[in-house]
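A.B. asks: Let's have the full structure, built from the sequences with the hints guiding it.
Residues -18 to -1, 1 to 273 in mature numbering (1 follows the signal peptide of the UniProt record, and there is no 0) are what the sequence shown spells out, letter by letter.
These are computed hints drawn from the structure, not numbers from a lab.
Predicted model only: the values in this text are computed from it and were never measured.
Watch out, some of these pointers could steer you wrong.
Heads up, simulated PhoX-like pairs for lysine-lysine below, C-alpha to C-alpha not over 20 Å straight-line [unchecked claim]:
1. 57 / 33
2. 57 / 79
3. 203 / 173
4. 260 / 173
5. 234 / 272
6. 220 / 110
7. 41 / 57
Here are the simulated distance ranges between beta carbons [unchecked claim]:
8. 219 / 154: 16 to 26 Å
9. 140 / 67: 51 to 61 Å
10. 62 / 268: 27 to 37 Å
11. 156 / 183: 17 to 27 Å
12. 269 / 10: 40 to 50 Å
13. 72 / 218: 49 to 59 Å
14. 198 / 111: 54 to 64 Å
The C-beta atom is built at its ideal place from N, Cα and C for all residues, glycine as well.
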Amino acid sequence: MNKLVLFLCVFIAFCTFASCNDDESDYSYQIANVKAEAREGAIMLRWDLPKDSDFLFVKIEYFNIRQQKEVVCNKSIYADSLLVDGLLARDGEYHFKLTAVNEAGVTSHIGSEVSCTPLPVKPIVTRKETLLENVEIVRFSTNAQEPTEGPLENLFDGDNGTFFHTPWSTDPVPYPQWVQIDLSEAVNGAKFMTINRNNGGGGRPDHVEILGSNDQQNWDKLYEFYGSTDIPNTASGKYQSPMIDGGKTSYKYFRYNVLSSNGGDYWNMAEMQWSFYKVVETVYDPENEKD
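C.D. replies: And the structure:
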């Protein structure tokens, strides 16, 4: 009798276990419409929200090439995307497997797979700008001086009540009409500030180039600006330039090269002040970095 009872218990347990295993093997819900979108240093995974009533979460599996390890990430029933970041394009293609897991903790035997290569990470550029207090203007000159007023010295005298003027009483000097500064040493960075004269509305520059040279024969255009959007068209109006960056080239000569003004054949200005810099640019490119 005892043997019969024992046999029945074992038989029932076996049937129950087999039934559970059958239920597990029968779970076959598949995550639908899985897509991978390449982004800079990342991959965005997307899928349709599951409609299975027994569904609990999505199991996402992939091998992280950067970290050299298997990764498993679970996303809830309410999630339809995952951003995988911290990647590099140089690592190559990533392969993802998405599998449904039900409320009983059973993993579907049907997974969805997708592959994608992230977009390259852009280089990171940092700049250090150091003011060079010992660099001086040793000479200034112009190709267009009005003989009756506004000598060039007025442009650098620190007095907003004086002004420099190009020719108006004689035959006009064809544009470009420039002011040149010669430095005590070459620099690869400069800023300038100009102040309009405090009276008279005509003759304000409205198209200007900043040129750089080391031999006064060959000139590189470093910066260009226009009209009232860049140059104030008001009495005593001030303009502060951005950094005029020569990159890897340093220049000993600079020209404020006027191509036109609102005064027709001439231009004038109260003050021009310059400051000079050493600009060092550092580029970090993770896509070409040695591991």
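A.B. asks: Next step is simple, just say for each hint if it's right about the structure.
C.D. replies: How the hints compare with the structure:
A hinted pair counts as satisfied when its Cα atoms are at most 20 Å apart, and residue 57 with residue 33 qualifies at roughly 15 Å. Distance hint between residue 57 and residue 79 is fulfilled; the C-alpha atoms sit about 13 Å from each other, no more than 20 Å. Simply put, residue 203 and residue 173 have alpha-carbon atoms about 15 Å apart, close enough for the 20 Å limit, and the pair holds. Between residue 260 and residue 173 the alpha-carbon distance is near 11 Å, which keeps this suggested pair within the 20 Å criterion.
With a C-alpha separation of about 38 Å, the suggested pairing of residue 234 with residue 272 is violated against the 20 Å cut-off. Straight-line distance between C-alpha atoms of residue 220 and residue 110 comes to about 26 Å, which puts the hinted pair past the 20 Å bound. For a cut-off of 20 Å, the pair hint linking residue 41 to residue 57 stands: about 7 Å separates their Cα positions. The hinted range of 16 to 26 Å is satisfied by residue 219 and residue 154, whose Cβ atoms lie roughly 24 Å apart.
Checked against the given bound of 51 to 61 Å, the beta carbons of residue 140 and residue 67, roughly 54 Å apart, stay inside it. One distance hint, 27 to 37 Å for the beta-carbon pair residue 62 and residue 268, holds here, with the actual separation near 30 Å. Look at residue 156 against residue 183: about 23 Å separates their beta carbons, and that is inside 17 to 27 Å. As the Cβ distance of residue 269 to residue 10 is approximately 41 Å, the hint placing it in 40 to 50 Å holds.
Distance hint for residue 72 and residue 218: a CB-CB separation of about 55 Å, consistent with the stated range 49 to 59 Å. A C-beta distance of roughly 26 Å is found between residue 198 and residue 111, which places it outside the suggested range of 54 to 64 Å.
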